[in-house]
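Novice: Spelled out, the chains give:
4 protein chains.
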Amino acid sequence: MADFDNKFPGKDITPDDLQTKFPLAAKQHPEHFSRISVAGVEFGGNELPIMAGPNMVESRDLIFDIAANVKRLGAHCLRGGAFKPLSFPYRNAKYNETREEGIRWLGEAKERFGLPVITEVMDERYLPMVCEVADIIQIGSRNMQNYPFLTACARTGKPIMLKRHYGASLRDWLGAAEYLLVEGNERVLLCERGVSVPHTHRATSRYLLDLQVVPAAKEVTHLPIVVDPSHATFWAPWVTPMALASVAAGADLYCDGRPPLTGSLQ
Amino acid sequence: MADFDNKFPGKDITPDDLQTKFPLAAKQHPEHFSRISVAGVEFGGNELPIMAGPNMVESRDLIFDIAANVKRLGAHCLRGGAFKPLSFPYRNAKYNETREEGIRWLGEAKERFGLPVITEVMDERYLPMVCEVADIIQIGSRNMQNYPFLTACARTGKPIMLKRHYGASLRDWLGAAEYLLVEGNERVLLCERGVSVPHTHRATSRYLLDLQVVPAAKEVTHLPIVVDPSHATFWAPWVTPMALASVAAGADLYCDGRPPLTGSLQ
Amino acid sequence: MADFDNKFPGKDITPDDLQTKFPLAAKQHPEHFSRISVAGVEFGGNELPIMAGPNMVESRDLIFDIAANVKRLGAHCLRGGAFKPLSFPYRNAKYNETREEGIRWLGEAKERFGLPVITEVMDERYLPMVCEVADIIQIGSRNMQNYPFLTACARTGKPIMLKRHYGASLRDWLGAAEYLLVEGNERVLLCERGVSVPHTHRATSRYLLDLQVVPAAKEVTHLPIVVDPSHATFWAPWVTPMALASVAAGADLYCDGRPPLTGSLQ
Amino acid sequence: MADFDNKFPGKDITPDDLQTKFPLAAKQHPEHFSRISVAGVEFGGNELPIMAGPNMVESRDLIFDIAANVKRLGAHCLRGGAFKPLSFPYRNAKYNETREEGIRWLGEAKERFGLPVITEVMDERYLPMVCEVADIIQIGSRNMQNYPFLTACARTGKPIMLKRHYGASLRDWLGAAEYLLVEGNERVLLCERGVSVPHTHRATSRYLLDLQVVPAAKEVTHLPIVVDPSHATFWAPWVTPMALASVAAGADLYCDGRPPLTGSLQ
Chain A
1 MADFDNKFPG
11 KDITPDDLQT
21 KFPLAAKQHP
31 EHFSRISVAG
41 VEFGGNELPI
51 MAGPNMVESR
61 DLIFDIAANV
71 KRLGAHCLRG
81 GAFKPLSFPY
91 RNAKYNETRE
101 EGIRWLGEAK
111 ERFGLPVITE
121 VMDERYLPMV
131 CEVADIIQIG
141 SRNMQNYPFL
151 TACARTGKPI
161 MLKRHYGASL
171 RDWLGAAEYL
181 LVEGNERVLL
191 CERGVSVPHT
201 HRATSRYLLD
211 LQVVPAAKEV
221 THLPIVVDPS
231 HATFWAPWVT
241 PMALASVAAG
251 ADLYCDGRPP
261 LTGSLQ
Chain B
1001 MADFDNKFPG
1011 KDITPDDLQT
1021 KFPLAAKQHP
1031 EHFSRISVAG
1041 VEFGGNELPI
1051 MAGPNMVESR
1061 DLIFDIAANV
1071 KRLGAHCLRG
1081 GAFKPLSFPY
1091 RNAKYNETRE
1101 EGIRWLGEAK
1111 ERFGLPVITE
1121 VMDERYLPMV
1131 CEVADIIQIG
1141 SRNMQNYPFL
1151 TACARTGKPI
1161 MLKRHYGASL
1171 RDWLGAAEYL
1181 LVEGNERVLL
1191 CERGVSVPHT
1201 HRATSRYLLD
1211 LQVVPAAKEV
1221 THLPIVVDPS
1231 HATFWAPWVT
1241 PMALASVAAG
1251 ADLYCDGRPP
1261 LTGSLQ
Chain C
2001 MADFDNKFPG
2011 KDITPDDLQT
2021 KFPLAAKQHP
2031 EHFSRISVAG
2041 VEFGGNELPI
2051 MAGPNMVESR
2061 DLIFDIAANV
2071 KRLGAHCLRG
2081 GAFKPLSFPY
2091 RNAKYNETRE
2101 EGIRWLGEAK
2111 ERFGLPVITE
2121 VMDERYLPMV
2131 CEVADIIQIG
2141 SRNMQNYPFL
2151 TACARTGKPI
2161 MLKRHYGASL
2171 RDWLGAAEYL
2181 LVEGNERVLL
2191 CERGVSVPHT
2201 HRATSRYLLD
2211 LQVVPAAKEV
2221 THLPIVVDPS
2231 HATFWAPWVT
2241 PMALASVAAG
2251 ADLYCDGRPP
2261 LTGSLQ
Chain D
3001 MADFDNKFPG
3011 KDITPDDLQT
3021 KFPLAAKQHP
3031 EHFSRISVAG
3041 VEFGGNELPI
3051 MAGPNMVESR
3061 DLIFDIAANV
3071 KRLGAHCLRG
3081 GAFKPLSFPY
3091 RNAKYNETRE
3101 EGIRWLGEAK
3111 ERFGLPVITE
3121 VMDERYLPMV
3131 CEVADIIQIG
3141 SRNMQNYPFL
3151 TACARTGKPI
3161 MLKRHYGASL
3171 RDWLGAAEYL
3181 LVEGNERVLL
3191 CERGVSVPHT
3201 HRATSRYLLD
3211 LQVVPAAKEV
3221 THLPIVVDPS
3231 HATFWAPWVT
3241 PMALASVAAG
3251 ADLYCDGRPP
3261 LTGSLQ
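Chains as they are written, first to last, in the working numbering: chain A, 1 to 266; chain B, 1001 to 1266; chain C, 2001 to 2266; chain D, 3001 to 3266.
Watch out, some of these pointers could steer you wrong.
Derived BS3-like pairs (lysine-lysine); straight-line CA-CA distance at most 27 Å [stated by the list, open to error]:
hint, chain 1, residue 1, chain 2, residue 2
1, B, Lys1021, C, Lys2084
2, C, Lys2027, C, Lys2158
3, A, Lys84, D, Lys3110
4, C, Lys2110, B, Lys1084
5, A, Lys21, D, Lys3084
6, D, Lys3084, D, Lys3021
No lab work stands behind these hints: they were computed from the structure. As the structure is a prediction and not an experimental result, all values here were calculated from the model.
Please build the complete structure, drawing on both the sequences and the hints.
Specialist: Laid out in structure tokens, this is it:
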């Protein structure tokens, strides 16, 4: 009869994977949970770190306005993208990268409001410049398996938040984290941001937030788990319930939104 | 050029659907939320109804033992299956339906502990018998689009909990609910129990709990939303975080588990 | 450490499943392929049976017109639905079931053109009436796991075509087929008609045709595999390439379309 | 009531996308199909180009042995990876990259057997070296949305085969192709290699080959479509039927396999 043995790697994590594929990301004992401190904010402990800010650092005014709200409302880190992966090569006035200028504005907002900053990089060339400002480097979903880039990011020594690709298994995600850890960089945060599934409930919501991955990840890895409830839902009224659900499931928060949305997270 | 207009029904809900496809399930105004009372338990209001019990009513002893715990721990309804859709036609001692006998045991436990009972039916023939005991009829995932059966269930006049099929859109789910409502039966609960997606994080977890559907459903329907966190996860350690996340997302609870699991829901 | 052994049934077929879950559907040796004869048409052999016709038997004229084309173009069976699962309870003039009348028209077209007929049933009550006309009973996707109904269909003794549910695994599909076979009805055809996945390439195409399931099924079951290329694509220009691809993958054909479409299958 | 208008980009292609998001990838008229010549092999025309070879260029002997078979059996290009994205950072003897050495062996095999070569690059640094040997640069699934890398590849002027990411929509895929075209590089091939879906029919088959994307892509883009039937299936007996189905659906072929498999493609 046909041969069904799984001689090749499958889709789910096996006990052997914990030993051989991602020994550094794997828990050593059931209560093994790493606590990662970034500029006085502790991830993976008893606090509930909240990183908030706009999708894109569109202007100096915008980032200052939002940073003031982020600070006032008690969130812990300022987020905002100056480099953004855009699915098409053409830019318009509304949806554009502010790049070097945006990073500089983030740096000014950081100093002005005393907030650590997390921001995305997509290209090794910009790592040195971004590292002068960023307290945490974000590796976006689309770069999760860009291994040469993972290695370059890890070697900066900066804390890194690794977003799960929208099509990736937990196994592949931890494999990507292992590429960071094997470089000796121990400050790695994992961030769930939505997966590609048959039904997302709105034509504009391209992803489904996968909260089942929170307990699943905590069972096998000691790395802190962050959830981004805004990207998957892409619809403001759903962000608050999904943010609350994320925290209830055991995650920290990474949230994208303009002030009214940020306000709703109180 | 090619024609991309959506002349035919799509995958997501349109404003027109609310008027023409499921006007009875659709909200009439943003604060329109139905409250459904079943044996003194109110769904859709400020309470948090919890329905708990074993997957299958395996024996009289088992259901009595669990019912005692369900009562003691403060849950509101006793659940348990005497008729179960089994994916293969062969039975074994461990995984068998207790059918008429199981329904009778549920009735005895209901009387003994003063707990309303919810249980699944799969076949119109057994509706009269089950209705003598059940306070809520459960329509299982696999029967969500068995329309003649939906009609027969609705006509019993009993409250009904309609589980979402693991491959169904919110649009199809509300279409199925409309089949119940159009018969004049207004006591309909919707229950999310997991969807079929690429990654579930364990080979034994066949589904991913979709919590994004909770705010999505509440935006368009006035019917109460229940979540079953145990079927999708199929792994006891994940049930508590997913139960908490379900409540945080805005749902009521329907939980399957033996006493140790039930206990963990305190 | 956490326990990852698959003590419970998983998502994919195991060697043990072939022995214990669906021994009647499973192949006994690599070259075991059942040939099923229906009114002179042999499925599973060297012929390429094509079943064609309209989605719904909308009128006597329509079914006669299409049956004439089906016959003229050399297809082997006439298909057409008189009973159709409609996702919402409201009917309109364009999309309505013709029920008893439609079955009668199918019978007249069968006699007039000498074509065997395949048609769907959704309710046990209509089985005797439909069996007077139908040469093959179609069990639709939504009823694939409606087990009491599977049993009732099998007991008619008629050949049955079992459509795969759009969310079902190959394992669940063969489990459903086993419910038919265990009743002693050996004339079972399997029909792939599209699965629910993240991307279908048109808003109106709700499913993706899964052709990988054709060699996968042929590896484990001796039952003939049919593919319906029209339902998943839901877009006429894609039907011909997907029909050709289905045949190349090893399947028989079941095709829904009005005459221009049928013509394109030459 | 709730607002359902799609103000933001959705999941499927709209007529507007053809004009504004990927005007260079979009067809200008229904019969617009680009023909791309690479070392005498024409893609997108009436020929059926077949690219075959091993997954990895494991050794000089292996690639010479396979190249001899690829030539003898009439395939048109030699494929083989010297740089491979490996999901975990640890290497073993069996599954290792041969990198610069592998590229040199490919160059020797190319010269010896007169076969054009296609091979993957993952890192901009290696582009000049690889371009000395490769006739076509392969951009792998995981790098489909690594935009700075796409730009760097396009600027080499070499023909490029862009694999679809296993979670990407047709819309995102064409957006990535547009990043290549906008640099003035017109020789772009698209390659479908399997998508992440709920059911793949074997634990070791991580992807489902999406053949519906072939007619869907041909409806909107003039770029040639290639299918890789071996990566998704990951099971030799399924490769031949899926290769035949790919061709029947309208695609060219890119096939990974050791000699016995290559032989089966005759």
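Novice: All the hints need checking, so say for each whether the structure fits it.
Specialist: Cross-check of the supplied hints:
Distance hint between Lys1021 of chain B and Lys2084 of chain C is fulfilled; the C-alpha atoms sit about 16 Å from each other, no more than 27 Å. Among the hinted pairs, Lys2027 of chain C with Lys2158 of chain C is consistent with the structure: their alpha-carbon atoms are about 22 Å apart, no more than 27 Å. A hinted pair counts as satisfied when its Cα atoms are at most 27 Å apart, and Lys84 of chain A with Lys3110 of chain D does not qualify at roughly 40 Å. Distance hint between Lys2110 of chain C and Lys1084 of chain B is unfulfilled; the C-alpha atoms sit about 40 Å from each other, more than 27 Å.
A hinted pair counts as satisfied when its Cα atoms are at most 27 Å apart, and Lys21 of chain A with Lys3084 of chain D qualifies at roughly 16 Å. Under the criterion of a C-alpha separation no larger than 27 Å, the hint pairing Lys3084 of chain D with Lys3021 of chain D is inconsistent with the structure, at around 31 Å.
Hints 3, 4 and 6 from the list above are not met by this structure, while the remaining hints are.
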